[in-house]
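A.B. asks: Residue-level listing of the chains:
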Amino acid sequence: MSELKDKLKRLMKMRLFWPIVTLLAVLIFDTIFIKGFLAIEIKNGNLYGRLIDIINRASSLMILAVGMTLVIATGGIDISVGSTVAISGAIVVQLLGAGETANTPFYVCIILALLVSVILGAWNGFLVAKIGVQPVVATLILMVAGRGIAQLITNGQIPTTQHKPFSYIAGFLPGLPLPFSIFIVVAVLIIIGLIVKKTAFGLFVESVGVNATASRFTGIAVQRVIFLTYAISGLCAGIAGLMISSMIKAADSNNAGYLIEMDAILAVAIGGNSTSGGRFSIAASVIGASIIQCLTTTLYALGVSPEVLPVVKALVVVAICLMQSEAFHHMISGIFSRKRRLQHEKVAVEI
Amino acid sequence: MGEKSYMAKNDIILEMRGICKTFPGVRALASVDFKLRAGEVHALMGENGAGKSTLIKVLTGVEKPDDGEIFLNGRPIVVKSPLHAQELGISTVYQEVNLCPNLSVAENFIIGREPIRFGKINWKEINKRAEQALSRLDLNIDVTQPLGNYSVAIQQMVAIARALDLSAKVLILDEPTSSLDKNEAEKLFTVMRRLKSEGLGIIFVTHFLDQVYAVSDRITVLRNGELVGEYEVASLPKVQLVAKMIGKDLDVLSSFKKGRRAAPDIDQDSTFISIKGLGHAGTINPFDLEIKKGEVLGLAGLLGSGRTETARVIFGIDKADSGEIWIQGKKMSLSSPRDAIKNGIALCPEDRKKEGIIGDLTVRENIILALQAKKGIAKYLSRKEQERIADRYIELLNIKTAGTEQLVKNLSGGNQQKVILARWLVTEPDLLILDEPTRGIDIGTKTEIQKLIIELAEKGLAVMFISSEMDESLRCCTRMAVFRDRVKIGELSGDELTDSTIMKTIAGEA
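Residue numbers (the working numbering), protein chains in the order written: chain A, 1 to 351; chain B, 1 to 510.
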């Protein structure tokens with residue numbers, strides 16, 4: 001009995017425990033209250049269903065959250081990713097042109113969009129790491145200016161494109177049963193995962209996030225590490241931008257990725273990462289992104305109107321944060337069991 | 001008549017009796033008494049951790065004492081907050097001027113108590129009052145200019161004028177001269193002398209010995225949170241003051257022969273680093289220094305004398321603005337810790353928590369971090385290799401930890417220090433700079449670290465050793481460089497290495 005308790009306790013202490021429990025809770029809720037939630041059909045060799053839909057729509061957020069995780073781990077923040085999403089989409093669609101045949105070769109468009117995104121991220125990194133601007137202020141510049149830049153690229157229009165390969169990015173590649181965006185997410189996760197685990201980059205990021213001064217005194221190129229995280233965040237935003245514009249086959253400079261930076265930050269936090277930097281887990285952020293997308297889809301499915309959606313979402317997020325808060329756990333256990341509270345006090349006295 | 005006013009001047013205006021203050025794990029003040037008389041400048045002296053700043057904090061209401069009483073003009077007071085202290089007539093001017101540089105001089109002077117008539121601020125009156133108050137300090141400047149346009153010295157004067165305008169009876173100057181040059185400091189002293197002649201009691205906190213003797217009437221010395229004593233400046237020679245701060249009786253010391261280790265046979269070509277005229281404005285004046293392989297060079301001097309600053313400029317934390325560094329005969333420029341590390345230099349910093357350990361990382365990660373930084377991002381040590389290194393050094397330095405995966409912040413101070421030592425030993429440095437490596441560490445670990453340092457030196461490592469503890473320095477060092485007021489004033493070696501000679505040199509009486 002006590003052995004089981006110990007095992008449970010150890011399980012509960014694991015980093016991913018609460019995020020996974022939260023995700024499962026939302027999924028179980030959906031299975032019970034939404035008809036046919038788990039149903040998956042096969043049409044023309046492609047899989048369809050709510051679950052697939054959630055993963056497909058969550059993929060851009062997951063990629064943003066990966067970049068955001070690294071930035072936040074250094075003690076920074078990047079609120080410009082929504083604007084970078086818009087710029088990346090604007091570049092691709094504008095260069096491809098409206099017709100089915102591309103004005104510029106497809107791959108050139110993609111590479112250019114991603115290149116610009118990296119440069120934008122590098123700009124943020126330059127401001128934060130070299131100039132020493134506060135991360136919020138530094139990325140606020142691009143957040144505000146970015147949508148204007150996207151408008152300039154698209155001449156203030158919302159250009160559309162009929163180019164087939166482009167629509168595959170967020171859709172189905174012929175012959176593959178799952179949406180292509182899922183494969184992009186997996187690829188990004190593998191590449192970033194390799195960089196973080198197989199090089200010293202992850203260690204340096206955590207070290208800088210925990211104690212930048214001591215890291216500098218240890219010989220870590222602190223500025224370079226911080227710079228790189230913003231550049232990676234820019235690249236991730238660029239990839240997400242391709243997905244989001246591909247989904248609507250258009251570049252909407254005002255609305256593409258609007259306020260998505262907030263969801264990305266939330267994904268990192270809900271996944272259980274510290275927002276003050278230091279230790280991080282990319283898997284946690286990915287789970288966090290899934291929770292948020294599940295939530296949004298659930299609320300739509302339950303008939304919550306888009307106008308009040310943010311309010312309901314906020315309430316649920318508060319609930320989730322409470323669920324994961326250690327102080328709240330103590331409070332709850334304190335209310336339910338006086339005995340345990342006394343024990344806590346005893347321990348405190350002994351300490 | 002003159003006799004009478006003299007008496008009035010010597011009245012005790014402030015008395016602190018039996019002040020005790022304990023922070024978790026540290027006894028900061030143990031029943032400390034302090035008396036301040038009207039019309040005197042009273043220096044509060046002590047090494048780092050002696051309890052000076054805690055005593056000031058108790059007096060200004062920042063910290064509440066656990067025990068003890070404070071009397072102002074004979075009446076018991078309880079200081080609730082810094083604001084309350086000001087209302088009572090106890091004003092403080094801090095080392096870092098905490099005024100607003102982009103507001104005008106007059107605004108800074110008056111801020112928080114503007115005269116308001118019919119809901120409007122009367123600027124004319126404010127400017128007039130500010131001008132008057134400043135001219136009392138011999139300062140005639142345009143009070144409508146932003147404060148930031150003036151030098152730190154003038155900003156300090158404005159802060160003092162502001163403090164005095166709050167009808168201060170007691171003025172606390174906390175390290176007021178640390179950012180002033182000689183002339184500016186002299187001007188401040190003139191003002192201090194005038195203020196004391198007007199009957200103000202001034203508490204003067206400083207590290208600079210010469211300044212204490214230039215301006216103070218009495219000195220109260222604290223050591224390790226305890227009162228050492230109160231002395232008339234005229235009857236306390238500098239050497240004795242140093243001895244009291246460090247905690248050694250000079251007479252005992254002179255007769256005490258040291259069992260210092262002999263200097264190793266150093267051949268002439270084994271100089272590792274040779275420094276010529278290296279300096280950094282505002283922290284350390286240009287100095288020459290040479291360290292040979294296998295030598296432990298100690299840096300002696302009081303806190304703030306430039307010891308730590310010397311280490312910082314060599315390690316590239318503060319970029320030198322003059323001078324040259326030659327490493328093994330080659331001229332090098334070390335403009336960052338990275339440069340220094342690549343050239344075989346390592347530094348265990350003074351502030352272990354802020355500059356040393358990376359608390360939320362594991363013991364293993366902390367130990368391999370410097371080596372990894374040296375190798376670069378791409379050549380990541382395998383987990384196995386990391387564990388092998390960590391295990392080896394945990395055993396070698398006898399680090400007490402539950403394992404390699406323990407977070408370093410959960411270790412005791414001494415073991416954290418050993419982790420940082422391990423971090424550098426892993427990189428196989430040629431020069432190891434240790435800044436207060438044994439501060440706040442229990443005796444057992446202290447001895448272990450000292451032994452290790454000597455062993456390493458015997459194997460050919462060059463060591464630069466900074467310690468406030470004379471015994472420790474004498475035990476480890478073969479040569480000492482002495483610093484005072486940010487200037488290297490001499491070197492001692494061989495038979496000169498005794499407590500009394502070092503103290504005399506520090507005090508400038510050798």
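Some hints here could point you the wrong way.
As the list claims (entries may be wrong) - The following label-pair restraints were derived from C-beta to C-beta distances:
id	chain 1	residue 1	chain 2	residue 2	range
1	A	F183	B	K379	50 to 60 Å
2	A	H330	B	D67	50 to 60 Å
3	B	A281	A	L115	56 to 66 Å
4	A	L8	B	D67	23 to 33 Å
5	B	G403	A	S274	19 to 29 Å
6	A	Q134	B	L303	27 to 37 Å
7	A	L16	B	C100	45 to 55 Å
8	B	K379	A	I191	12 to 22 Å
9	A	H330	B	E226	22 to 32 Å
Hints are computed from structural coordinates only; laboratory data are not their basis.
Cβ coordinates follow ideal geometry from the N, Cα and C atoms, glycine included.
A.B. asks: Tell me the numbers of any earlier hints that the structure contravenes, in ascending order.
C.D. replies: 1, 2, 3, 4 and 9
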